[in-house]
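2 protein chains.
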Amino acid sequence: MTSPKISTGPLPASSKIHLGGSLHDIRVPMRSIALTGEPPLTVYDASGPYTDPDAQIDIARGLPDIRGGWQRLRGEVAPTAARPVQPADNGFATGARLTPAFPVRRDPLRATGGRAITQLAYARAGIVTPEMEFVAIRENEGRIAAHSRDGEGFGATLPDLVTPDFVRAEIAAGRAIIPANINHRELEPMIIGRNFKVKINANIGNSAVTSSMEEEIEKMVWAIRWGADTVMDLSTGRNIHNIRDWIIRNAPVPIGTVPLYQALEKVGGVAEDLGWEIFRDTLIEQAEQGVDYFTIHAGVRLAHIPLTARRVTGIVSRGGSIMAKWCLHHHRESFLYDRFDEICEIMRAFDVSFSLGDGLRPGSIADANDAAQFAELHTLGDLTRIAWERDCQVMIEGPGHVPMHKIKANMDEQLKHCHEAPFYTLGPLTTDIAPGYDHITSAIGAAMIGWFGTAMLCYVTPREHLGLPDRDDVKTGVIAYKLAAHAADLAKGHPGARARDDALSRARFEFRWQDQFNIGLDPDTARAMHDETLPAEAHKVAHFCSMCGPKFCSMKISHDIRAEARRQQGLTDMAERFREGGAIYVPVAGPDAEPVA
Amino acid sequence: MTSPKISTGPLPASSKIHLGGSLHDIRVPMRSIALTGEPPLTVYDASGPYTDPDAQIDIARGLPDIRGGWQRLRGEVAPTAARPVQPADNGFATGARLTPAFPVRRDPLRATGGRAITQLAYARAGIVTPEMEFVAIRENEGRIAAHSRDGEGFGATLPDLVTPDFVRAEIAAGRAIIPANINHRELEPMIIGRNFKVKINANIGNSAVTSSMEEEIEKMVWAIRWGADTVMDLSTGRNIHNIRDWIIRNAPVPIGTVPLYQALEKVGGVAEDLGWEIFRDTLIEQAEQGVDYFTIHAGVRLAHIPLTARRVTGIVSRGGSIMAKWCLHHHRESFLYDRFDEICEIMRAFDVSFSLGDGLRPGSIADANDAAQFAELHTLGDLTRIAWERDCQVMIEGPGHVPMHKIKANMDEQLKHCHEAPFYTLGPLTTDIAPGYDHITSAIGAAMIGWFGTAMLCYVTPREHLGLPDRDDVKTGVIAYKLAAHAADLAKGHPGARARDDALSRARFEFRWQDQFNIGLDPDTARAMHDETLPAEAHKVAHFCSMCGPKFCSMKISHDIRAEARRQQGLTDMAERFREGGAIYVPVAGPDAEPVA
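Chains L and A supply the protein sequences, listed in that same order. Sequential numbering of the first sequence, starting at 1105, is according to our numbering. Sequential numbering of the second sequence, starting at 1105, is according to our numbering.
Keep in mind the hints are simulated off the structure, nothing from the lab. It is possible that part of the hints are untrue.
[Said to hold, decoys possible] Here are the simulated lysine to aspartate or glutamate pairs, EDC-like style, with alpha carbons at most 20 Å apart:
id, chain 1, residue 1, chain 2, residue 2
1, L, Lys1512, A, Asp1628
2, A, Lys1120, A, Asp1628
3, A, Lys1512, L, Asp1254
4, L, Lys1120, L, Glu1180
5, L, Lys1512, L, Glu1493
6, L, Lys1644, L, Glu1142
7, A, Lys1512, L, Glu1256
8, L, Lys1109, L, Asp1269
9, A, Lys1644, A, Glu1142
10, L, Lys1512, A, Asp1254
11, L, Lys1109, L, Glu1180
[Claimed, not checked] Residues from chain L shown here face chain A by an in silico Cβ test under 7 Å; the list is partial:
id, residue
12, Ser1119
13, Leu1123
14, Thr1340
15, Val1416
16, Gly1418
17, Ile1419
18, Arg1422
19, Lys1429
20, Ser1468
21, Lys1512
22, Ala1547
23, Leu1608
24, Phe1613
25, Val1645
26, Cys1649
27, Ser1650
The beta-carbon is built from N, C-alpha and C at its ideal position, and this holds for glycine as well.
Start from the sequences, fold in the hints, and give me the full structure.
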């Protein structure tokens, strides 16, 4: 069955195209936007098969297995018996309250002989994996040359074109990761690194208070439709094992989680009762399901907690507060820190990437860049070294609430102390005074920190601080962050970024309204806003809109000026002969006036 | 009659208070927000009498004359016979199509004996006017000391407290202006300068295609309700004289216009037919009505026009394109440039401030910071000197579409070439690819350029490039710009800015939901978003929201940790005794669960 609730179908004027590899048998999806006035525009496409009319979407069967064969070829992974699902995995939900298990069962893959099968291990061994070639092609968006080279990169190295070996080298250096659990075979690989396009993450997940399985899948599909590059499932409450299965089997993008949330559910929400065994079991449970990256709050150390005592908003990371409570109760370092080696052993066996959590990120402007925040950041740098020794891929989580003048220091500290591992930041929010608009307070900080070098931006929705985001909030948050990430690419001088701006500006200047809508990040909203005042089809080629009306359209007047200039030799004799030209005045008879001669 | 269409009444939990002057008989309005957990918070209030329950609002009578007496006392202005209204002033509208004249007639004031009665002239003479004391009190927002001092001001000088003489000195230096036409007697004066709070402007105005008089007044009232510091009436089409009268008589904030628009209407939209006489007549017409600042595109010189020939989006300023067309047609410098002296004579007789227009601002990322844009900026610097010699107040218009890495150069060039006259910028928009979301693409650039030193930010609404903004677009644009301006104040290190953030963060951390909503820029939206999932009154004190639910609220856990810490001597013996403390787990029974013991 195709669920009627899942959003499918191409975006306006768009079709799915696939580019092949030269090293591996891969098909890299792109979105081609048909234009009326110039050749089609090829753009990055995170939306997966859902926007492909040729794809058969059935959430009960999941997306096709496109990666399973890749590791088999390498012969370094083998199917193993899956850890049996336990009642606690779904919060002891039963009967009607239990979300049904995903219908298709598959034995999980695992590295054989305790070897590391991570992208980092292969990169260091000089091997260009299919994932690496896939992202190399994907990053170029069909370009065969640089579009423009103009920007301030703050030390970023952005090649005109990304090659598979450049990807390999960046991963080997730890500057980039491809979050790709070997059990997430439905994944279309993507890369997170300062020398690639800035990415964005969207959070979904039910809370104990609201929402269901279909809703969460649709939120994921909806988020990637508008451009989310990865999705974190932050579900809490019951059924999270089964809901996660449904999400991963239907996800073409990397899925991240915070395993601590499920572990806490398993001990009935009593932080003090958490322990290594139950946490370890949860890591394996989720790794076998195919989670691509885990947020691990191993940087919250006992000695950091007193540093938060005088904060205005204390500890605002869920995982951070849970671990701080645990540390105080037992008065010892957390099992995440003590057992970090053993965590690495699990991560490397499935190639789950670390997202080292910022449990002590500031929750208010007043707490930004304080001792607690930076003490944890330095610890994350130490843990990065350890993870790298085990061939584990690592990114570092950061910001929260940070005023503009303190943003760059975050990037500089992270680059210095975390050895250029990719930075993954929430916002930052640049003021605390706009609840209901924190997608904007944070898009400001996100664009800036993305420019400075952050590799992935975790979105914030309008509902932040107020409640669980709904479908509209998710879309608004994703679009706000796509434009922030793009503004960052432009400022860094990404060689391909400006192609889309320039195409849209040409369409705008030439009054190709349909093209202007379709090149934009949200064609539906742009078209609807325009048509509210000028619905007639004739106005899709009109040389004005309702903002200025026909007489006062500066672009129309610019055309008059240029048309004249074209008929002239130069400016000197233009003025005289200009009088022969036509007037620009067009009588106005209301919305249906047609100003074009 | 009180028009039912006008939005009146206080914002939630807010009351209007007035602070008196020590030098002059003035009443400076402030907004006091009542809080449940701490003393009331006093904030800047641009909303005028409309949010004062004691005020009698009747748009047919207009707002009270609070400034008329001020100039009389100085005895340097006198009533004169008003220029007779001509049919062309209202686009020859007649009968039912004619917007009725504003009912109350008043002889316009004008400087006597050709003297300059501008705030700049008085400031230079060492006179502290009522307007200067008014804005000094207003800028301090009821503070009697600095709240915090932390930021990067890029050369801005922000005193702990603003004194009347500091205001006078800043105006005398040309670094700030108080746009206050002597005929706008309803005005609550405000100041625009780099060493004061960053201000925002909202544009309203009908176009030939849509909207009416009542709508425009309500748009103005609606814009200032949410925080617009000035409003530009960009009306075109018919009835603009009468609509402007209605707007100014009901406006407590400075009103700006682009007189060229009305002049063009008077010549039937034929740019070539424009001339000095009709423009001069329009300046006097609008100066007598009380317009506080005029955008004058005198910087568009004949020699600049060829510099736009290879632009992707040509000339995107309405006024700029009109003047460029005129210059080419007549092949000479514009009458705005040639007659600049005579324009100054009119401005100084009414104290209309110059907003020197950026007719050649870039309309796309591709055109940012180009030769045309900066050539005009340098001309504006020359004109600033001339205006200052005539004791005229001046601000400079800037940006448009500018990628992040090119924003600071705009501020630096402006400071250098325009002698620190206040900068007033549109956005800038940091990418072209998000039509429908340009309030966000531009809030990013606006926050940054405000931080760098821009004194006033001209808002952009979601409808930009697509149509004339409606009431909702106006509110969204204003809120987006209020938060951008505030983010800029925070980053500059404004001594009062963080008070509001800190108050909101305390409310947030203490789960004072009502306070959190009420301190925010848009209490209505924040409350509505929260209540959508947790409507019960009990949840207004609940220690969680639907985002994380009770078990996973990091702030609640932080409180548990602190409560414990308070009971302890220190951290060393805390762990042991912590076991005596209560668990944090609260059974979840859906949205009505009450987690507080």
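Comparing the hints with the structure gives:
| no. | hint | result |
| --- | --- | --- |
| 1 | Lys1512(L) with Asp1628(A) | violated (34 Å) |
| 2 | Lys1120(A) with Asp1628(A) | holds (18 Å) |
| 3 | Lys1512(A) with Asp1254(L) | holds (15 Å) |
| 4 | Lys1120(L) with Glu1180(L) | violated (33 Å) |
| 5 | Lys1512(L) with Glu1493(L) | violated (29 Å) |
| 6 | Lys1644(L) with Glu1142(L) | holds (17 Å) |
| 7 | Lys1512(A) with Glu1256(L) | holds (12 Å) |
| 8 | Lys1109(L) with Asp1269(L) | violated (41 Å) |
| 9 | Lys1644(A) with Glu1142(A) | holds (17 Å) |
| 10 | Lys1512(L) with Asp1254(A) | holds (15 Å) |
| 11 | Lys1109(L) with Glu1180(L) | violated (39 Å) |
| 12 | Ser1119 | violated (19 Å) |
| 13 | Leu1123 | violated (22 Å) |
| 14 | Thr1340 | holds (5 Å) |
| 15 | Val1416 | holds (5 Å) |
| 16 | Gly1418 | holds (3 Å) |
| 17 | Ile1419 | holds (5 Å) |
| 18 | Arg1422 | holds (5 Å) |
| 19 | Lys1429 | holds (6 Å) |
| 20 | Ser1468 | holds (4 Å) |
| 21 | Lys1512 | violated (10 Å) |
| 22 | Ala1547 | holds (6 Å) |
| 23 | Leu1608 | holds (5 Å) |
| 24 | Phe1613 | holds (5 Å) |
| 25 | Val1645 | violated (15 Å) |
| 26 | Cys1649 | holds (5 Å) |
| 27 | Ser1650 | holds (4 Å) |
This entry does not satisfy hints 1, 4, 5, 8, 11, 12, 13, 21, 25, going by the numbered hints stated previously.
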